[in-house]
Amino acid sequence: MTDAEQSIVLQVNHLTVTHVVRQNGGRRRPLHAVDDVSLDVRAREIVGLVGESGSGKTTLSLAACGIGKVSAGTILAGGHDFSSLKGVARRRAHADVQMVFQDPLSSLDLRQRVGDGLDELRSIHPERTKRFTNEELMTRVGLTSDILGRLPTQISGGQAQRVSITRGMMLQPKLLVADEPTSGLDATVQAQILELFESFRRQENLAILFVSHNLAVVRRLCDRAYVMKEGRVVESGSTRDLFERPQHDYTKRLIEAVPGKSAKLAGSR
Amino acid sequence: MKFARFVLRKVLAGLVTLFLAATLAFFIAKLSGDPTIQMLGLSATPEQVAELKSQLGFDRPIFVQYFDFIGDAARGDLGTSLFSGDKNLDTLFSRVWASMQLAVLAVALGALIGIPVGVFAASREGRLGDRVASVLSIVGQSVPVFWLGLILVLVFSLNFGWLPAGFKGDWRNLVLPVVTLATIPIARIARLTRSAMTNALEDQYITASRARGLTSRRVLFAHGLRNASLPVVTLIGLQIGTLLSGAITVETVFAWPGIGSLATQAVTNRDIPLVQALVVFGAVAFVIINTCVDLLYGVLDPRVREAS
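For the record, the sequence lines run as chains B and P. The numbering of the first sequence is the working numbering, which starts it at 25 and goes up by one. The numbering of the second sequence is the working numbering, which starts it at 1343 and goes up by one.
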């Protein structure tokens, strides 16, 4: 195994996710939400996954985290093939691959206080979570410790997203899959969250698969990016190449569709 | 302090409900006609009817009777039976233990079986286990209780002689009526738990919990069931209230001397004060149980506590 291969944190090979849907006449037909997709993410790399709604980004993200359906193909995430793991081994493997969701509030149990949620993860992954106290975890993401006693409904969207990121990062994962983590947040909070991802990449050697339809954010944050359309990857490459010399018509259309694109995209890196 | 205010508000709301229930019980009983004619028979003379009305106080203006009824009820006096002459409250207390045994045990059995079945069905939504559980719960809700009771008596008492069918005896006497009475709570609780859990399991925090490596059991019970528990707890409370205020069919089939059979006697005899007492008793049972359910909401959902 070469050094380059060793540093691969996420390797997706020919992944296909098929759902059976009913047509208007009631007949069932297969729908490929993800169709023969291959991609990789290396340590300390932030890789963007862009595309319109319904292009299969979230389906791929869930599969990468070992919690989504896989119809064909293989996934090696954080060194684990989730399809071959069960029970304790599978639960332990989850600690290496964490996910941050689009809507922070809906990804938190609204009846569970922030501190109780962190303690619950400590009880499940005691070895992985002893590095920082809850108060230190809050400080790391720019929150104060009084948040620990609050319910998710008593904090703002930005604070909830930081809590969600804390819950993922306290397990010291090798890979973080962030599914539209900044949509719905105002520009200032968005910038703070992106800065948080950057700092985790630097400090923790974290690899991030950053799913977004916000091309300006992808341009600013990611080293490489994959463009998805109707379940397939239509183009990939370094972010600079992708944005400055897009090859596929769909990528060109996505870039064209960004309001005020020239100013945003040019100035964002 | 916040919690004390929450409790106080619930208790006050309960008292208002009781007042309204007592008022309804009084006026509906009055609308149902004059019981003195039935007590004396059709051959009674107008003078005899007037004398009995005077004895019972039915000749006074209706609002005087109403305020007397409410005042007495507030002091714990639910009147006297027209037939036995016994204090209604004493009669109720002599019967309530028998009904409470049946109601609490039947609903406890309903919860013990219904909740796990509902959780199991929701965790296997659309699969064979879910379908079997759904069919069984529909059957459980559809089977007539009197028929099931009679079949159980026929099989287990008369045929095998394993269990007694009557009231007097030890704990074994409870088995058949409790099992009969529990079929509907089991089915209802299972169906509601399944439905509430199915919704809860679709929420993103469940996916997030799985992604964090939580065990399936923890995801299902600590998060899914806890979030689905409010409607289930409400149903359990309602079921206890309903059965406590009279499981008429089962008490009749098993000759069980509870509130249900007492209600049957009171209505048959047109014993209006006893009927009124039974209605007030039923309202008290519901108010106490609903208050407990409301307090339990606060325990199960901290948002309710914080909001209050």
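Honestly, the hints are just simulated from the structure, not real lab data. Certain hints may be false.
Label-pair restraints from in silico Cβ distances [to be verified]: (1) B/Gly181 / P/Ser1476: 22 to 28 angstroms; (2) B/Gly78 / P/Ser1476: 29 to 35 angstroms; (3) B/Leu134 / P/Leu1357: 31 to 37 angstroms.
If you want the ones that stay clear, here's a sample from chain P, every Cβ over 12 angstroms from chain B, calculated [said to hold, decoys possible]: (4) Thr1359; (5) Val1477; (6) Val1495; (7) Leu1556.
Built from N, CA and C at the ideal position, the CB exists for glycine as well.
Q: With 12 angstroms as the threshold, tell me whether P/Thr1359 passes as away from chain B on beta-carbon distances.
A: Label holds. Min Cβ-Cβ 28 angstroms, cutoff 12 angstroms.
Q: Evaluate the condition: distance from the CB of P/Val1495 to the nearest CB of chain B exceeds 12 angstroms.
A: Answer for P/Val1495: holds, closest chain B Cβ roughly 45 angstroms.
Q. Are all beta-carbon distances from P/Leu1556 to chain B longer than 12 angstroms?
A. For P/Leu1556, whose nearest Cβ neighbour in chain B is about 6 angstroms away, the distance does not exceed 12 angstroms, so it is violated.
Q. Is the distance from the Cβ of B/Gly181 to the Cβ of P/Ser1476 consistent with 22 to 28 angstroms?
A. 39 angstroms, violated
Q: Note whether the CB distance of B/Leu134 and P/Leu1357 lies within 31 to 37 angstroms or breaks it.
A: Since B/Leu134 and P/Leu1357 have Cβ atoms about 32 angstroms apart, the given range 31 to 37 angstroms holds.
(Q) Just to be sure I understand the hint, the distance between the Cβ atoms of B/Gly78 and P/Ser1476 should be within 29 to 35 angstroms; is that true here? (A) 32 angstroms, holds
Q | chain B versus P/Val1477 - minimum CB to CB distance exceeding 12 angstroms, so not interface | A | 23 angstroms, holds
In this structure, the hints that do not hold are numbers 1, 7, in rising order.
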